[in-house]
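Asks: Chains as they are written, first to last, in the working numbering: chain A, 1 to 325; chain B, 326 to 953; chain C, 954 to 1267.
Keep in mind that a hint or two might mislead.
Claimed, not checked - Selected chain B positions facing chain A (in silico; Cβ < 8 Å):
| no. | residue |
| --- | --- |
| 1 | Q369 |
| 2 | D370 |
| 3 | E542 |
| 4 | G572 |
| 5 | Q579 |
| 6 | G706 |
| 7 | E728 |
| 8 | A732 |
| 9 | T733 |
| 10 | F737 |
| 11 | S822 |
| 12 | P824 |
| 13 | T826 |
| 14 | E841 |
Calculated directly from the structure, the hints in this document are not laboratory data.
For each residue, glycine too, the CB sits at the ideal point set by N, CA and C.
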Amino acid sequence: MSGSYLARRFGSALFTIVLIILVNFILFRALPGSPERVILRGTPNVTPAQLEAARERWGLNDPVFPDQFVAFLGATVSGDLGYSFVARGQTVGQVLGQRIWPTVILFGLGELVAIVLGLALGAYSGWRRGGPVDVVGNGLSLVLYSTPYFLLGMALLLVFATGLRWFPTFGMLTAGADYPDIWARLGDFGAHLVLPLATVGLGLVGQYAIVMRSSIVETLSEDYVTTARGMGLREGRILRHHALPNALLPTVSLIAINLGYVVAGAITVEVVFNWPGLGTLAVEALTARDYPVLQGVFLLLSVSVVLANLVADLVYGVLDPRVRT
Amino acid sequence: MRSSIRARLAAAAATVGLILAGLSPALAPVAAADPLILRAGTDQDLQVLNPWNSVVVADFEVFTLNYDLLVNFGQDLEPVEGFAESWDQDGTTWTFHIRPGMLWSDGEPATAADVVYTFQLILDAVDTDYGCLGQCYLDGYLLNAGVTSVTATDETTVVIETEFENTLLLQSYVPILPEHIWSERTLEEIGNHEGVEPFLNEPPVVGTGPYQAVEFEPGNFIRFARNPNDWRAEQGAADEIVIQHFGSIDTAVQALRTGEIDYVRGVLADQFTDLADEPDIQTVEGIANGYTELSFNTGGNSEGYAGSTAALSDVAFRDALGYAIDQDALVEATLGGYGAPGTTIIPPFHTRWHVEPDNPRTFDLAEADRRLTAAGYVLDGEGRRLDKSGAPINLRLTWPDSEEENATNAQFIVEWFDELGIAVDAAVTEEGALIEAVTGPPFGPGDYDIYMWGWVGDPDPTSLLNFFRSEEIGYSSDSFYSNPRYDELFLLQRAESDPATRKTLLAEMQNLVYDEAPYIILYYDAELHAYRTDRFGGWTNQPSEGGTPLFGYGSFGYTKLTDLTAVPTAEPSAAAPSPGATPSPTGGGGDSAASDNTPLIIGIVALVAIIAVGFLAMRRRGPRAEEE
Amino acid sequence: MTAAGASWSPPIPAGRRAGRFDLLFRLIRRPEGAFGVLILATFAALALAPELFVGPLQTAVTAHGTRLSPPSAAFPLGTDELRRDMLNLTVHGARVSMAIGLLATLVTVFIGAVVGIVSGFVGGRVDAVLMRITDFFLVIPTFVLALILTPIIRDLVGSGSTEILGIRMTLIVIVIVIGITSWSSTARIIRSQTLSLKARAFVDRARVIGAGSGHIMRRHILPNVINLIVANAVLVFAGAVLTETTLSFVGLGDPFQPSWGQLLEAARSVGAPGLGAWWYFVPPGVCIVLVVFAFTLVGGALDDLLNPKRRGRG
């Protein structure tokens, strides 16, 4: 990988992050209503002094440009995202910090399950095109792809939690439970994880299978595969040594690019299962119009996706000689 | 090779386990026996342990578990012993006697000095530029009572001077805090000011209340353990209390059905009806201490206001529209039949103070039409109602996006007013923008015609009376109502200690606002709660008329709970005790599973149907793919 | 981005121009195409004239059922908590969902096509700037941006009950937000196609005879990417319906004009899943899945038909 390739990728990621911060800044200035009014709603005897003090607290008295923007940029870079309107006395950073791990676990595992299953299913379907696995799998993939995550989640919740009572209906751990040992705790966590994880996995597996399938189909029709077949190589060997590695590259790259879309699903799945992650936080913040938190979620998720893409690009660069320029 | 892979996997699994286990802060202290835990669910956000930051009902519930008020609330909201065990009033001088030998939960002595510290904190905060503490919800209790000074004459005696004679001090929702903990913090830290590290009062919390917060996951749950130094003779059966937040109340109700939680606040109407048949679950319909109203911009289009027509300022116009609103229909549709049609501005919850109007309006569109015409608002050739300047009356109707149920009310109001030739342009408004718009001069534009929102009151009705005062225009007044007689009555009732006289004053105020109709009260909301009766007994409504066992006024309900799990069941213990202390989500399953089969069957059928459709579609595609 | 391209659907060079009806005919000769077109035609009919099938939209005042009653002879799909007929609501929901989907698709494809053609044709600095912005929208989680943008834009345009094409302003805002946040992959695809067209002889010929850039883009580039735009629009439509559903589900819909997503939100907010009131959420849920599924089928079929690369390999 050449230095210029590296520099270009890093530069591009940095530029995107600065744009994200700029968008965040513009959004914050464009907010409807003034935040100090929102927060003081219902407060008996709001005096002008209190309003003024509130404006002062949120730095709303300085000129928008450049003072507020420079302050905003500096604050964001140093990790200061301001105070939550709702979680009184807590910084946005603290609020996000409490919610980040549940999301990382749920979606990390969900992605993992979906990638392994989806790629396997897609590869097999593409390889045995028209076979029973392809017909059922592809049909299922398309239906799953067409189903909003929350609908899938509601269906699973209804059947397996409310109906069959196999799994708990909400949360990540039984609140306030005493665990005799770490395994009991882990078991409880696992029981809570099953349904949300299944929802995320099922929601993603369809997309990944579709992409992998078409990628394999494409690859199998490439000239070198035809040549390999001509040379009498066994099908299994062709698949493992030629088709799979080549089909995997664009698929993995597409998965990275589509992380941004996955986030939309993340939000609704967490809401359905009351999973205490960033998605639930985003909807709570939306309902309460807690814009600093909403923007914090946007910033965090955006930057994560940008960085994930950067890593994918770099890995791609290492694996594929054609882009090492 | 194989075994080494397995060993590595085991090691990896253990590592993952360790990481996962580390995710949740502070492992719970292991109790000798399984503690009896009461779990209560709410859809309100749990974000606060510092009482000064309290805003929502759940926040108040949390701090009244942690702390005592100077005077607590009894079953019927009468003053009962709290931090003080007795008190005397002599005109504007109050003497409170603190319980001798009382201890904070950490073992330090709890004395009169703590009361002085807490009240002085508020008085000091009021003197700062910021003007109040934290979210500014609690200071008002001392200010309304006119507190001017607080002194301790000895360890057990507090003397409080007030500006005027009144009894509001006995209803002040102010937690008494331990000076030895809080005095280490500055006013700015406690009051959550910008630029200082805010004091979050993280667990373990030290208080004199019956239960202390020992674990807090903001936005998720708060766990409380019994106060080892509780002074109360009567203590609740729960060893621990967990207040759990739910993103949707539906999930909370499911958890109640499955036995994962014991109590839910804020059940939805149809769920409430449905839960009534459920075994081991009791539902309770309380009356909310508040209402939902339709507010008029009584400033109309006069100087400083931006209403669309001068008719809004006319009492006759507002009164006539009062005949065009069918409160019963709204209760039926929006509240699902729970709650009560609205009349006066003091809700029936305040049984001592609420009066029904002397001249009630009834839903009658013909009467509304007659009154409008009589007041000079006539119809034009096209059937449009004209104001006195001859322009058609088109009213903008809005409500905050945080209270979507008002959209249902709006659908009705649009059609009723349309019958009268008044076009209504109905649309939701973002909450922040709405607050801005409904603020009057000189701080706001007073820019709306009619809008719906609600208020919630205190044990004393004073706060619900405040926002009709002339001096509140620009602050909490959103109808911009102004009537010198009302302003006078407000001050008189506040200083009146004779209940009979005060009731006369309050009745006049309620009728005044009803007749002049700056607000048309749509309904008094219901408080729909539900709880399980198989683990805890002793559920006691507070107040006994229209109250609920929990989420009422202070820790009263928690102290009444009894343990039903200790009672030996008819079945021998062979009926499989749950393995260890592993929390079992399936606890209490089975019993009602049969009645719950419909959603299950439907869900499976729907899934199968969808999959079948996809399968068929792809089958058709199959052969073609082979041809390629 | 990387060499892999930016969309699920690979770029489709428009080899030849097919008549519209010719294309439709070839589409419905394929089983999955016919199936998709059939579903879409059904929903289009419902959306165009819901009154014809179920009468005017029921309101809280005109409703005449009982509260949350299961399906019966009088109400084949049961009623909601305002005593309204779910069949009536679901059919009218088709109109709202499809209309928002269509408008959002038009906005998205318009922005995407303009950015793509201009970027690809003009090149240089303009291209660099436009593609940076495109990449930005491609990579960020646009749904979260939509969550923040919706209440803000709603406040800017004023959410009065002004209607555009019979759609309330609140929903027009949803259309705008979907448009703003989802044009980037269209722009990428159109740009790469424009780049390859630009190098072709007929463009040079037009330039030689003195045609201006605007003229070339309108008269020579656009007709050659129109097939691509159509194929892309079908997939964009599916995405728009899903996005609208999700936005409504988190509470940004309009109860006065219930879309399927809004119905699901209403079902959730009265607790229908827990009440076993399946008739409240199954009809809108199935409709959404069917429509998105049909669009995906048609999109795939169009892709096969219009993609000469695939055809060549057949």
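Asks: Take the hints in turn and mark each one as holding or not.
Replies: Evaluated hints:
no.: 1; hint: Q369; verdict: violated, 10 Å
no.: 2; hint: D370; verdict: holds, 6 Å
no.: 3; hint: E542; verdict: holds, 7 Å
no.: 4; hint: G572; verdict: holds, 5 Å
no.: 5; hint: Q579; verdict: holds, 4 Å
no.: 6; hint: G706; verdict: violated, 40 Å
no.: 7; hint: E728; verdict: violated, 11 Å
no.: 8; hint: A732; verdict: violated, 15 Å
no.: 9; hint: T733; verdict: violated, 18 Å
no.: 10; hint: F737; verdict: violated, 25 Å
no.: 11; hint: S822; verdict: violated, 22 Å
no.: 12; hint: P824; verdict: violated, 23 Å
no.: 13; hint: T826; verdict: violated, 24 Å
no.: 14; hint: E841; verdict: violated, 23 Å
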